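Asker: Please model the complete structure; the sequences and the hints are all you need to start from.
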Amino acid sequence: MILAVGAPVFLGISRAPSRMVSAERMYDVMQGVTFAPGEVAMVWLDFGPNTIAENEPQAVVIIEHLLRRRVPVVLLSQYQQSERFLTRVPQEVAQRLEREHPGQTWRYGEDWINAGYKPGAAIFIQALVSAPDVAKFLGRDVTGMPIAHFPRFAQIGGVERVKLVAEVTGLVGVFDTVVQFFQKKGYRPTLVHGCTSITIPEAYIFLDSGQLNGLLEGIAGAAWYSEVLRKHFPASDNRDLLVTNTALSAAHIMIILLIALGNLIPLLNRFKRGRHG
Amino acid sequence: MEERNQGLSGGGVRRDTRALALRVITFLGGIYFFLYFITPESIIEGTKIKSAHEAISNGFIAVSSMAIGLGVINILMAHGSKFIFLKRGWQYSAALLLGLLIMIGSTLAHWMMTRHSASQIRDVQIIGDFAARIVEDAKLGAGNERSFSPTGVPELSKRVSALESYSLRIIEKIKAEESRVIKIAQGDLATTQLIRDSEQELLGLRESVSTLSANQWNTLDATNESALAQVSQRAAKVASSYAILKRKENGTKFSSRLYDFLYDGLFNHLGASMFALLGVYIAAAAYRAFRIQTFESGLMMAAALVVMLGQISFGKVIYEDMPSIRQWLLEVPNSAAFRAIRLGAGVAGLMLAIRMWLSIESAKSGGDKK
Amino acid sequence: MDSAALWTSGSTLVGGIATLAIFSFLIKENGFYRFFEHLFIGIAAGLTPVLVLRDFLWPQIIDPLLGSTITHYPDGTTSERYQPLYLLYLIPIGFGLLYYTLYSRRHSWMAKLVIGFTLGASGALAIRGFFSEVIPQIVSSCKPLLVFESGGALALWESVNNALFVAILLLVLNYFFFTFGREGSLRSRSANWGRPLLMVCFGAFFGSTVMARLALLVERIQFIVRDWAVAVGSAVGIG
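So the protein lines, in turn, are chains F, S and U. Each residue of the first sequence is one higher than the last, beginning at 15 in the numbering used here. Each residue of the second sequence is one higher than the last, beginning at 1223 in the numbering used here. Each residue of the third sequence is one higher than the last, beginning at 9 in the numbering used here.
Rather than coming from a laboratory, the hints here were simulated on the basis of the structure. One or more hints might be untrue.
If we take Cβ atoms under 7 Å as the criterion, some of the chain S residues that face chain U in the derived model are [claimed, not checked]:
(1) I1247
(2) F1255
(3) F1282
(4) V1285
(5) S1287
(6) R1310
(7) Y1314
(8) L1318
(9) G1365
(10) S1369
(11) V1502
(12) A1506
(13) A1525
(14) A1526
(15) A1570
(16) A1575
These numbers were taken from a predicted model, which means no experiment stands behind them. Idealized CB from N, CA, C, for every residue including glycine.
Answerer: Printed below as a string of structure tokens:
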């Protein structure tokens, strides 16, 4: 198993990922949302080291897409173990974009802010949705600065100006809380979700009901999304993600072979025993 | 004995009184949100509840947040005693306590550092805020100002004078930090450019502040308003650049590096590795345990095979339309079946929530034993 | 090597050692594994209390309570008056402190009051959450069994899919419906169909779970083979 996974990684082999229709649709959804001045996107990163392998690439592609579009992004989390990702992921994406576009800058406070960990789950979200001034309600960012002092985020006003909500999580119940409470009469944001593979079947029912507008299915979803991004922005570098996806594909083949062997070998043994009486 | 006979315990409070208190408190915990959600918006807006809703919600979160110390106390009690009395496995308890204390210390130090920086940045922002507030209060007129002072808001000229001396003091303070700030550039072109830009902005701010004393401040005329607006805008730019440089400087400090090391170097890797073990067990189980012995298990495996092949790069090699078949499987049969499960679970969850709220769930809270 | 690169290298090296320590459990449980396991628990336990204090209790409760959100201008004025109503925050703080009566045998019953209060709030929120989530699900389950294209022709594939969706939904719902008896009836026969359909759903779950678990393993192996090996090489002076 380790050889099957390690070989693509060691040799840097990458194959084109499998086409994920939901990821393609999510790109169109995210590209189609228009943001007037003062309107923002809200990205919840609710994952920890236990789902980092799938959720971090999803967070990267979502934030990359928003930063490329120069959409102001408010990052926050309901899960304390995500704290570091709220700082690290947008910083790394911004640095990569600045290397890709010399002369352009993506800055904290202008292109994104980190509102930090917000305990309270459903209580917090329903209060956020009712708040007349989201910037004032969020209070301070993680560095202790009042959010109202960042010009691009001070004018948010009510939650109706949060046009897009992205929830990246593998935790049970967290996404449900956003679906249940991040809405009010006359307002429902465009909601996209980066889920771990375990919750893919569950997420599809929300896609069907229209409560969810876009879905990234595990690493495969993130890999295909990065390919779509590369199609529109050829300088975008997704090689690492493709290598990971290829290694994952190799691991899948191993598992399928192991299941096949695990079923065939006892069958063959039974057949041999039958023949010999 | 007498207390027990009377059903008393726990501070002399009767058991049935405690049970009643528990039922009432549990009910009160939920009644606010329940009423808030079922009451029409027009009625809520007519009362003061809507404006207080944020604070009330924060109060609810504060109640449960007060439990933050429980975990730490329990760990200190359980593992602390093991470590102090050198019981079996005390070395591992020592590792746990070490991790706990270092993480708490490092996170607190990191927090204090960012608070201090935020306070310094705020000092710079106050220049712009104060200039804008002077204009606003002057327009509102004496007695109607937004600013507050127990002795009354000072007259315009005194306020401008205070703004001037404060601004010059802050500008000197920022200039004094220049040499330290230049070190953090460390050859990075973007940071070096940022430092040059911020120096220019600081010069511009000093210039704007210095011109204030040249004006007459008996009233707020167009010239004065324009001068204050310029101070406000330039101060905002200086504050913005200063904030960026402060954040970069903070990233080089020991508390920041230690926090990042503990999180990225230990916590993330340890957590990811613990869960990665499951991948190995999946491989072992794939060979040993996943046996197709009935029609239903065969059906399950077939569905699993379609999903697995449809989501990997090699699936298309086996069959071109494998991703589409996977997509159909997830959109139609899986969604239908899972929705049925969710609806059933949702109704059960609703019943449980109602029983929990109304305390008819358990005997201990006074519910019927059925 | 500059300071930042040194810390990054150190972080990678230690991360690799920690990973190998955890993976050593696959051979046999050992002291090396247990040390890092306990270290992980300690670090995780130390993170939460400070973050709750830093990101919620201090800025949202304590700062307003103390009036720290008020800006003091250089001329002695303030941006706003202090709101005495913030003192009401002392009530939830005091009530929440009852959690710590758990450590007193005599007064530990008071902790149940706080727990009950929190459960009551969760229960009420869950009631609203149910309707917000489930009603749209029920509505979208009512799919048209015959779908027509804009030109008037029957869209066969969509119609079949919708009919299949509704049929599977009803069959699986029926499988879980135990309120009325089902012996020897149509319900009994149709309930038998629910089980194989559930197996398809579980099969999809299994297939997805495999990807989730393997992704974690792939990420770790990628880290060891790519990042850690390079860091070790640099540390010992190779490459």
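Asker: With reference to the structure, classify each hint as holding or not holding.
Answerer: To see whether the hints hold, each was checked on the structure:
{"no.": "1", "hint": "I1247", "verdict": "5 Å, holds"}
{"no.": "2", "hint": "F1255", "verdict": "4 Å, holds"}
{"no.": "3", "hint": "F1282", "verdict": "6 Å, holds"}
{"no.": "4", "hint": "V1285", "verdict": "4 Å, holds"}
{"no.": "5", "hint": "S1287", "verdict": "5 Å, holds"}
{"no.": "6", "hint": "R1310", "verdict": "12 Å, violated"}
{"no.": "7", "hint": "Y1314", "verdict": "4 Å, holds"}
{"no.": "8", "hint": "L1318", "verdict": "4 Å, holds"}
{"no.": "9", "hint": "G1365", "verdict": "14 Å, violated"}
{"no.": "10", "hint": "S1369", "verdict": "4 Å, holds"}
{"no.": "11", "hint": "V1502", "verdict": "6 Å, holds"}
{"no.": "12", "hint": "A1506", "verdict": "10 Å, violated"}
{"no.": "13", "hint": "A1525", "verdict": "3 Å, holds"}
{"no.": "14", "hint": "A1526", "verdict": "4 Å, holds"}
{"no.": "15", "hint": "A1570", "verdict": "10 Å, violated"}
{"no.": "16", "hint": "A1575", "verdict": "4 Å, holds"}
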